[in-house]
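Protein chains in written order, with numbering that gives the first Met the number 0: chain A, 0 to 177; chain B, 0 to 177.
It is possible that part of the hints are untrue.
A few chain B residues facing chain A, derived, Cβ under 8 Å [claimed, not checked]:
# : residue
1 : 30
2 : 34
3 : 50
4 : 51
5 : 107
6 : 151
7 : 175
Result set (DSS-like, lysine-lysine): computed pairs, CA atoms no more than 25 Å apart in a straight line [as the list claims (entries may be wrong)]:
#  : chain 1 : residue 1 : chain 2 : residue 2
8  : B       : 84        : A       : 158
9  : A       : 41        : B       : 34
10 : A       : 14        : B       : 14
Derived from the structure by calculation, the hints contain no laboratory data.
What you are looking at is a predicted structure, and each value in this text was computed from that prediction instead of being measured.
Note that CB positions come from ideal geometry on N, CA and C, so glycine has one too.
There are 2 protein chains.
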Amino acid sequence: MAKGYERLNRDLVAKGAIIDYYQDTMQIPNGTTAKWDFIMHKGAAACVAVKKNGNLVMVRQYRNALERETIEIPAGGINPGEDMKTAALRELEEETGYKAGKFEFLLSIRTTVAFCNENIDIYVAKNLKPSKQNLDEDEFINVEAYSVDELCELIYAGKIEDSKTVSAIMSYKNKYCI
Amino acid sequence: MAKGYERLNRDLVAKGAIIDYYQDTMQIPNGTTAKWDFIMHKGAAACVAVKKNGNLVMVRQYRNALERETIEIPAGGINPGEDMKTAALRELEEETGYKAGKFEFLLSIRTTVAFCNENIDIYVAKNLKPSKQNLDEDEFINVEAYSVDELCELIYAGKIEDSKTVSAIMSYKNKYCI
């Protein structure tokens, strides 16, 4: 804990489907206390899936929180006991129907550090081989593919905003395409 | 609403300090219903603040949700009635003590689309002039500066994980530094 900050209490307010909501009582460096929100998330894994022609496999799905469809990299929550790499490979296959022959770590992100511990490890998946899509019962996804330059244009145009997708595409471009 | 999805109900479970937690009852395309989490956030604004030598102004602060310090771009929540650009300029000055003479839009992100509507508009701030830091009472921040290449190294090394910061730095590098 940083000098002057101390968490005096963490109270569970509500258990949700994929997150739990807590209220923290914090002692802060000026000597007073404050109530801060904390959202507990189990973590997730994602991948930049690269086809032979260099295009990336993307998923289009309805997002209730935004009330619209999004274009995102394949991703999903980790299962109990599962490591990040296994989760990323599993989600890639379940969501897109591709298995990856080659797989390497790209970067980790924390989605929203002011109130949530959600972390997402993002991998680069290559040597894709067709397998079988296997969606959760409340998951309905279209699989699409775009060039890296098309995706960057969609990001700067505000058509792709999802932070894991922006972080992944831009970091992939900087590392592999320049 | 996308074909087959319908939100039947949105129940407020708890009002927090910076977020509110709702439980949504969803009708999903296979005909059944599901309970989904929804976190309501008022939105935030951030900026990539560029010094004369090209280095970027960053803020180091303690993040309770991660239980450690982070290095982030200057950012903060919007005030009632405030537009994104005004919020970004205000947060830059409050957190770092710099006013910006030149200011342009870079990109928008949604931090975590599976359960939250938080959006962050990110600007590029240039022609920085020293002003006065003015922190919230529970905010304790150190101001630092790094080159874009140093920041990219910190991201790939896992030392910077915050998604708005990764999205901003990588998008800035791709647009302005290549």
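Quiz item: So which of the earlier hints does this model not fit?
Solution: Of the numbered hints given earlier, those the structure breaks are 1, 3, 4 and 7, listed in rising order.
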